[in-house]
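Novice: Take a look at the letters that make up each chain.
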Amino acid sequence: MADENKATTTPKQETNPTEPIIEFISEESKKSPVEVKPVKVERVEDTTAFAKAVAAALKNPQLFVNDTTLKALEEAVGLEYILKKAGEIDPNLDTSKVDTEQLKEAIKSPGKTADKQAPKLESQRKIAKATWAGNGTIGVVGGVWAKQAGLDEQSQQVMTDLGQAPQTQTMPSTQTTNGKQGNMQVHADLDPRIERNLKTLEENFGEKTKEMTLKEFQQRFGGKGNIARENYNKYKSYMNQYRSGDLGQIEDLVYDRNAKFFMQSLEMRNRAYIADQKEAMRHSIRGDAPETPLRRTEKRMGDQYRKAATIIEEYQQYEQAEDEYQQYEQAMQKIPQPKGLKRPNRMQKFARDIGRMEGMYESVQNIYDGDLLPDIVSGKFFDSKRNKTKFLIPTEMSKFQRGKDTVEFKIAKESDNEFENNYYEKMTKLYYSSPALWVKTIMSGEGFAHTAYSAEKAFDAKMKKTILNFDIKQLLSNDGESYLKKIQNMLTEDQVDLVEDFLKRDKRLKNLAFQFNGFGRARDEFFKQYNEKVGKKIRNAISTLLLQSSALKKFSSEAISAWVNTGAFSSLIDGIGKAINGVASMATSPLGTSVGKNLSSLAVDLSAKLLKPISSINLKSVGIVMGVASIIGFFVMSTNIIVNGQYSYVVPTEILTCSGTKVSGSSGHGTSGESGGSGGSGGSGVVEPFVGDPLPSDVQCILGTNAIRCTQGPFGNFSHAKVPAVDLVGADYVYAPQFCDAAKGNCVVSYTPSVNCTAGYAGGMVILKATAPNGHTYTFKMIHVAGNVTGAVGAGVAVARTMEWSETGNACSSGKHLHLEVVGTTDPMGVLTGVLSNGGFGCSISQCQ
Amino acid sequence: MEDSDAQYLNANNKTMNTTKKLITIITAGAIVLIIAAVLFILLNKKDKTTYPTEPIIQESLSTTTTEKINLNNINDMADGDYPVWRVSQTTKLTNVKELASTLGLKMTSSVDGQYYSWGEEGSSIFYDLTKNSVVIEMDEGIPWSEVTIKNTTFSRFIKKYFNEDWNYSLFKTGQNNDGTTTYYAKRYINNEYIIETENQLQETDYIIMNGEKMVAAKFLLTIFTEENITVPLISSAELKSYINLETYPKDIIVKYDSVENTVLSKVNYLTEDFTTIIDTLDSCTASSSELVYFYKTFSQELLTPVFKLNLDCTITYNNEPYYVTAIAYVNAVDPDYVSN
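Those protein sequences? They're chains A and B, same order as listed.
Residues in the first sequence are numbered consecutively from 52, following the working numbering.
Residues in the second sequence are numbered consecutively from 4, following the working numbering.
In case anyone wonders, no lab produced these hints; they're calculated from the structure.
Remember, it's a predicted structure, so these values are computed and weren't measured experimentally.
Careful: at least some of the hints might be erroneous.
Unchecked claim - Output of the computed footprint for chain B on chain A, the stretches with three or more beta carbons under 8 Å from beta carbons of chain B:
1. 833-842
2. 851-862
As the list claims (entries may be wrong) - Lysine-lysine pairs mimicking DSS-like chemistry, simulated, CA-CA at most 27 Å apart:
3. Lys832(A) x Lys134(B)
4. Lys285(A) x Lys259(A)
5. Lys109(B) x Lys134(B)
6. Lys400(A) x Lys436(A)
7. Lys287(A) x Lys261(A)
8. Lys439(A) x Lys455(A)
9. Lys400(A) x Lys455(A)
10. Lys122(A) x Lys795(A)
11. Lys820(A) x Lys71(B)
12. Lys537(A) x Lys464(A)
13. Lys266(A) x Lys400(A)
14. Lys536(A) x Lys480(A)
15. Lys258(B) x Lys832(A)
16. Lys537(A) x Lys480(A)
17. Lys400(A) x Lys441(A)
18. Lys122(A) x Lys515(A)
19. Lys515(A) x Lys450(A)
20. Lys820(A) x Lys134(B)
21. Lys243(B) x Lys832(A)
22. Lys269(B) x Lys820(A)
23. Lys455(A) x Lys477(A)
24. Lys820(A) x Lys109(B)
25. Lys832(A) x Lys269(B)
26. Lys464(A) x Lys110(A)
As the list claims (entries may be wrong) - From chain B, some residues computed to sit far from chain A (all C-beta separations above 10 Å):
27. Met19
28. Asn20
29. Asn75
30. Glu143
31. Thr176
32. Ser268
33. Thr300
Just so you know, even glycine gets a beta-carbon here, dropped at the ideal spot from N, CA and C.
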């Protein structure tokens, strides 16, 4: 045994200086995006990649440390287990270092031969996904992973140290435990990473530690045959190097990254071994008795430490592959066929690139308030007026200028933090690879302007390498020719060619940018003219027809005039809704009232659908006026719809329906409603219409699809006199909204099985707190219900069932109904029936009595 | 003569030796038999102790309850081994459909696997599959000729319409304002163990009678099958040390009846501060305990033994404490055999 104590005692705890930071980031990463408290780091003294990564993670914790990155890190070790399980790999083989040669041995069945590179490619992709913003983030993600996996403090520090190289320092010459010249003692000025490396070296290779035999080593490190022997030899070699007492050799060992990874992995496997031993000891005491929670914990910890070891090993290979690639690329720039350098595996590079893109996309998706893909495609994500998650906007506006002409285009933001820059640049690239951008470019010239700008930057950087004061602005100014003459003598023949090529290209791109931008300007001018001369006339004609209905005339004349003047379609729909509600409330006969109420919301839907063709005729007429065959006219229409439309991501054949309309509060007494309440102090008595931020397009009515009647509205004459609540009949269940995700915990249910009014039992109460992607938390309070679940719930889960009257009794109600309040608003009907774009749930509910 | 005496003595000795041998053999045989019997009993007993090989999942109780419970007044708690039952996923949809048809009701709405609803003017049947219970409400009533409603009334009803031989304990009768009477019952499992729920009085079933007509009823239709495993109960000493851990499985149901004329006259579910008052629940002391089986939803896989504790607690309103009663359902299974 290397150290008897190691196998039987808990690893010694030591203070981890980065622990509070890691803990903070870990806690923030678990929160919903709206609850995150970013910490602005003004200045970073430490210039290491890790320090910069910490600063970036403190500022945007969830962008760098989130479910995606943590899971990817853990999945990087998962393949080993999957392959073992599938029986394709010898179960005793150490697959933590799978390479082509080992796979040849490992794959037993030729018929099942998997892609030999697959495990490594997969692992490289996953690590890249976990550290998509740059390798420096591995320490932050690794540290948080270790914390959440329950690893001890020292191991958390090991995982936080991943990817960090200590600053080169001369170490104090002191004595090792073998009495030889060495560096065991810790010096106050030492880089703490060196200090930790030294400590690990002493613990593993110091004289007090017994040297392991091959068998003992195998027990801890796993593997068999040549792999085990190779690792054991490495272990012996490091031990001999450390015990040599030669300061130079020990220094080499301290800065040797491979040695560091090896020791760290060994440490983790030691801990796994200890946990296994403990579990085995308990097993021997209790025999085949059922597994106890303690034994399960020990088993789990054994697995977690093994995972940590594998992550370290996988990361080592990842970093090595990255280094090889960079060295090769650098060498290739100087000489076409570098000798002595290993040719990097391009498939692995591809896997890493894919992983990084995946990691970035999924990380952003985790915290973005909206539908990421449609918003990237439509450009909404990059628009500061439409993207509410401001800190995620990666671009800012810039102007492409040649002479007096300018074209606006987006460029990546710039930060003093390389990880943030990495994100900005990647996302900007994504923006300019979007097909929608290139459709939009036909009207704006933006894509060409950006290409010209990128070419200009690249050319400028190239020139500045040889001509110190090269000024590209002067070259591109109206007086560019004289500037060129001025620097001509300084240019080599190749550079002259380079300048010529650049200027030709710039001219071509400039022309494209300005010409296409001109189409856009022409389109805007056309619309202005069209609206005044044609559009208004068409709307006037339609309005005359609409106003023939006396009800519409009475209630919606204002809305119709607004539409005629502005063309705002939503104002017309809103007005018609009010009109129909007005008709309903005027009706006096019971039949009239009932029909009016039940049909009002349906009628609004129908109106919207019926008017859609009118609206499209209106748009089509634009094409006629412009000359139907005009290609430009087509683009005018399509670019507007594709790029800027609310449903820009909807497939053309898809039909979206929105139901309901916002209604103002009304009062009355119900046929089924509260009977035993004493009233409350819930609100002011005035219904303030609810208008919220948009909800995702897949959100459905939380009350299901039944026809629902409102029998008492907010501040009604009866029990709701002071309560902004609604009583609903026909709503049998309440469902968690589609944006709920049990794993994220953004929707939480609490259930009180028994609540009372003054007169007695009122059934149960369920409170559902649902935080939407727009950041708004809807708190639904429901009474007279039986709870079905508690805690975090996922989309569509039935969270409450409206009780039958025989279950609640008649102490507090006169019939089966759902009493529902939306805490924080006086307009629950607005929340329930409002359209998604106003933060409502689009339910069809009759007007309250 | 001496020879014959000697022969006689020899013969006698032989006989005695044979007898002794026989006695020894019989004694040894008896001892072997006793040992074998003891071993058989012990081994047989061990075979019958069918503890679960994997921890069973406790799904019916929550693990986020922060209120503390004082068990100091509880000296006598159930112990030993108790069986665990499986919640069968068999539904009674066919029977409910037949019942609806018998009563002349038409299906009005349904979501497969979640609920089915039948109705006509003044009458309805609602079959909720989240809990697998049916509520029948008939304005006209179902004629029921029994003069007195007893345990067997529930059994007869369930046999007649759902073809099950289940036994019930009728534990409470309540008079309603409209002249009807509600009879509350709890179903027995295996004729021995009581099942309780989160319903108003923890009942599994109720029947509402208007004279000789049954105007409403609610029946739990879940079948519980034998799982052939038993679990040891947690000792009271261990329970005392674990019960107030937030993650220890438990649910507390507060009864607000005692504050109807005080707190509830000012604050009730219609007012904003009702939820605030609920959160003030404190100082819960258990006055008695019993062992029951707690059924929460149709999706729970197992029905496990739980301790039902009757609690005296306080809630605070306007800085004044008010006494309320509550019921706690607390995991009763030895923690080594249960996981959340």
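Novice: Checking each numbered hint in turn, tell me which of them this model violates, lowest number first.
Specialist: Structure breaks hints 6, 8, 9, 12, 13, 14, 16, 17, 18, 21, 23, 24, 32 and 33.
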